[in-house]
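Enquirer: Listed in order, the protein sequences are those of chains A and B.
Residue 303 in the numbering used here is what sits at position 303 of the first sequence, and the numbering runs on without skipping anything.
All you need for the numbering used here is the position in the second sequence, starting with 1, plus 1000.
Errors might be hidden in some of the hints.
The calculated SDA-like cross-link candidates involving lysine to any residue, where the alpha carbons are at most 25 Å apart (straight line), are [stated by the list, open to error]:
| # | chain 1 | residue 1 | chain 2 | residue 2 |
| --- | --- | --- | --- | --- |
| 1 | A | K25 | B | I1009 |
| 2 | A | K25 | B | K1116 |
| 3 | B | K1076 | A | E65 |
| 4 | B | K1116 | A | S70 |
| 5 | B | K1276 | A | Y240 |
| 6 | B | K1104 | A | D77 |
| 7 | B | K1104 | A | S70 |
| 8 | A | K350 | B | K1276 |
| 9 | A | K225 | B | F1274 |
| 10 | B | K1275 | A | I30 |
| 11 | A | K314 | A | K350 |
Listing some non-contacts, in silico: residues in chain A with all C-beta distances to chain B over 10 Å [as the list claims (entries may be wrong)]:
| # | residue |
| --- | --- |
| 12 | L232 |
| 13 | F262 |
| 14 | P264 |
| 15 | I395 |
Bear in mind the hints are in silico, worked out from the structure with no lab data behind them.
Using N, Cα and C, we set each Cβ at its ideal position, and we do this for glycine too.
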Amino acid sequence: MVTKLMNWFDDRLPLTATIERHLTKYPAPINMNIWYLAGVLLVVVLVIQLASGIWLLMNYEPTAEGAFASIQYIMRDVKYGYIIRYMHTTGASAFFALIFLHMFRGMMYGSYQKPRELLWVLGWITYFLLCALGFTGYVLPWGQMSFWAAQVIMSLFGSIPYIGEDLLTWIRGDYLISGITLNRLFAFHVVLLPLALIAVVFVHILALHEVGSNNPDGVDVKKFKDADGVPLDTKPFFPYDVMHDLYAIGVFLIFFVAIMFFYPDGGGYVIEYVNYEAADNLKTPEHIVPSWYYTPYYAMLRAVTFPLFGLTAKFLGFVVMAAGIAIFVALPWLDRSPVKSIRYKGIYSKFFLALFVISFLALGYLGAVPSTPARTIAAQIFTVCYFAYFLLMPIYSKYETCKPVPDRVQLG
Amino acid sequence: MKKKGQILIFVVIIAASMGSLKVLAAAGAACGSFLSEDGLTKGECKEAYVNAKDKASLQRGAQVYMNYCLGCHSLKYARYKKVSEDLEIPLSMFQENLMFGDQKMGDLIQIGMDPKESKEWFGNAPPDLTLEAGLRGPDWIYTYLTSFYIDESRPLGVNNKVYENVGMPHVLIDMQGTPRSVCKQIPAFADNGGIKQDPLTGEQLTEEKCGFLQVDNGTGEMSPQQFDQTMLDLTNFLAYMTDPLKVERETIGTYVLLYLFIFTMLSYLLYREFKKDLH
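Let the sequences and hints guide you as you build the complete structure.
Expert: Right, here's the structure in full:
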C-alpha cells in the first residue's frame, strides 16, 4: 500500500530521490565533531522562531499607540502568551549565539574554500538577514530601548554625505521615528525578511548537499569511494546523524528551556530592563546599548572618533561597522592557503584566528559598557586586530609553512 | 586527542563569553546617595527579599498599594480580576476593600488623574507602575520606599536618597513617622580593613559621617520593623505585578525540563546503539 502510494508520487514528483539525496542517504563525513551541531540547531531555532512568530502576530498590534500595551496583553491576558513571547526572545539570542559558532566553525576548518565559496556567501547572506531581522524585531515592542536603538541605527543613514538627511527621512517615512517607521519595520520583520531568510537557507542547504560537508581535517572525502560510489569516510545521514542530532537537540533544548522558563530576561541581555518602559521620544535613556549580538559592531562604530578626508566620524564609523559585517563574504578569496583546516595550517593562521576571536569578544564587551577614553582606545586597537585577520590573510596564509594533509580523515 | 582539543576550545570560548556577560551584569544597579546602615557603602541598594509564593505578603502589599499608591500610579496593563485570582482574595472582599469607584472586575487598573494636570502639580506625571520592578529591580524599589527624608528646601518638604529631588511626596509619612537625614559617629577603618585604634589608650577611634536615615521616635503609626516589612510587602507586590505568571511559568518549566531530561537520555541511548556500527 505504502509502496504503491510512493510509486504514484514518484511518477509525478522525484519524491524518493529527493528524500534519499537530502536526508536519508546524504553522506556525512565520519569525523564531524561538536562544531558541526550549530547548523542543525540553527534550523531548529528557525522553526521555533517561525512558529512562535506566527502566534505572536495573532495578538500584536503594530501601532505606536498600541504596540507596547499589546505586548503586555500577550504577556498577561493571552493564555500561555508569555511562553510564546519568551520562546521568541530567547530564540533571537540563540539564533545569534549559534550562527556565531557556525561561522567560526567555517573559519576554523576552511569550509569557505573551493568548492564551497557559494555556500559560504549564501551563509553570509543569512547572517546579514538575521541582523536585519534582529533589528526590526527589536523595535516592535516599542519600549524605550526599541525606540532609541532605532533612533541611533537609523540616524547612521543620515550621516551619509549629501543624500543622508533626505535618505533618512525617506527610510523613516517621517521627520522622526514614529508609528509610520514602526509599521514599515513591522512589515519587513514579518513578511519580507523571513521569506528571504527561508529562501536563502533553502538554497544554502541545497548548495551544501551539492558540494558535500567539509570536515575538521579539511580533506576531500569524495576521493576514495566504495564499489557503490559512496565515499568511504562517510556515513549515511539516516540513521547515524539523525540519532546523533536528536540527542544534541535534546541537550540544546534543555539549555534553551532553562533560560526561557527560569531566566527569561537573561540578566538583561535577552530582554533589556530599559525596555520595560514604553517608548518616550522626550526622554533619552542614560545608556543606549544594542542587543548583545550587535555590541562588537557597536564598539566599532564608536571606535571611530575622528573625521577624515572631509567625512564625519559618524559616517566613517558606520562604514567601518558595515565593513565589519560585510568582510566575511570576501573570505574565500582572501585565503591563499593550500590547506583548508586550521589543523594543518601554519602558525600565523592560528595566531590571527585566535586574535580575531579575542578581538570579537573584547569588542562585544566594549560595545556593551559606557565608553571612556581608555575603552575607546582599546576598541580602536581591537577593531584594527579584527580587520587584520581578514586583510592580512592573503599574505600570511600564502607564506606560512603548512603541515602535510593526510589523504583520509583522521579519527581519535 | 584532537577531538578533545576541539571540545576544549569550544568550552573556553563559551565560558569566556558567559564570563564577560557576568561581569557586565554585576556592574550598575545604583541607588543614588543611599548610605548603608553601617556607613560603609554608598549608592548600593538594600536587598529586597521577594517571594512570589508568599500570598500573605502579596495581599498586604496589594492593600497598601490600592489604598496609598493607586491615587496617582495606575497599573494599566493589569486587570483587577487577575489580581484577585492570583492573590486568592475572595471576589466580594476584593470589591469592597480594594476597588474604589465603579470599575468592573475585568477592567484594567486605571486612574482618573489627568497626566497633564499632574505634570503641573508634581513636575512630572506619576508613572504607571505595572512594570516598575522590571525596569528598576525590586531592590531599588525597596530602598527608594525607605529612603525619604525631611528636606525643607524642596517644594513638598521631602527628598529621597535614592532618587534625588524626586517630585513625589512622602505619601506614607504618617505610617513611617518623620524621617531625617542625620550624622553619626561610626568606627573609623584603617586601610588594612581593621578598626583604627588610639595607639596610646587602645580605644577605638570613630569618625563622623552624614547621610544616615533616622525616624523621630514615636512619630509613626508603625514601628520601624513594621514599616520595613510593609515596604517589603509592597515591593513584593510590585515584583508580582511585573511578572504575574512567574509561579505558573516555573511550574510548567520544571515539567518541560523533566520531559527533556528523559527525552535526551533515551535519545542518547539510541544514539549509542547506532554508534556501535561505525567503529
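Enquirer: With reference to the structure, classify each hint as holding or not holding.
Expert: We went through each hint and held it up to the structure:
In summary, the hint linking K25(A) to I1009(B) is not supported, as the alpha carbons are separated by about 31 Å, beyond the 25 Å threshold. Between K25(A) and K1116(B), the direct Cα distance comes to roughly 69 Å. Violation of the 25 Å bound is thereby established for this hinted pair. Annotation: proposed proximity of K1076(B) to E65(A) holds, straight-line Cα distance about 14 Å (limit 25 Å). Between K1116(B) and S70(A), the direct Cα distance comes to roughly 24 Å. Compliance with the 25 Å bound is thereby established for this hinted pair.
Only pairs whose Cα atoms come within 25 Å are accepted, and K1276(B) paired with Y240(A) is accepted, the gap being roughly 10 Å. Of the supplied pair hints, the one linking K1104(B) and D77(A) holds, its CA atoms being roughly 16 Å apart against a limit of 25 Å. Restraint check: the Cα-Cα separation between K1104(B) and S70(A) comes to about 21 Å, which is no more than 25 Å; the hinted pair holds. A hinted pair counts as satisfied when its Cα atoms are at most 25 Å apart, and K350(A) with K1276(B) does not qualify at roughly 34 Å.
At roughly 22 Å between alpha-carbon atoms, K225(A) and F1274(B) fall within 25 Å of each other, so this suggested pair holds. Pair hint K1275(B) plus I30(A) holds up; C-alpha atoms about 11 Å apart against a cutoff of 25 Å. Between K314(A) and K350(A), the direct Cα distance comes to roughly 33 Å. Violation of the 25 Å bound is thereby established for this hinted pair. For L232(A), the non-interface assignment is confirmed: its Cβ lies about 13 Å from the closest Cβ of chain B, beyond the 10 Å cut-off.
Listed as outside the interface, F262(A) is inconsistent with that label: its C-beta sits roughly 6 Å from the nearest C-beta of chain B, within the 10 Å cut-off. Here P264(A) does not stay apart from chain B, with its beta-carbon only about 8 Å from theirs, under the 10 Å limit. Against chain B, the non-interface label of I395(A) holds: every CB pair exceeds 10 Å, the least being about 25 Å.
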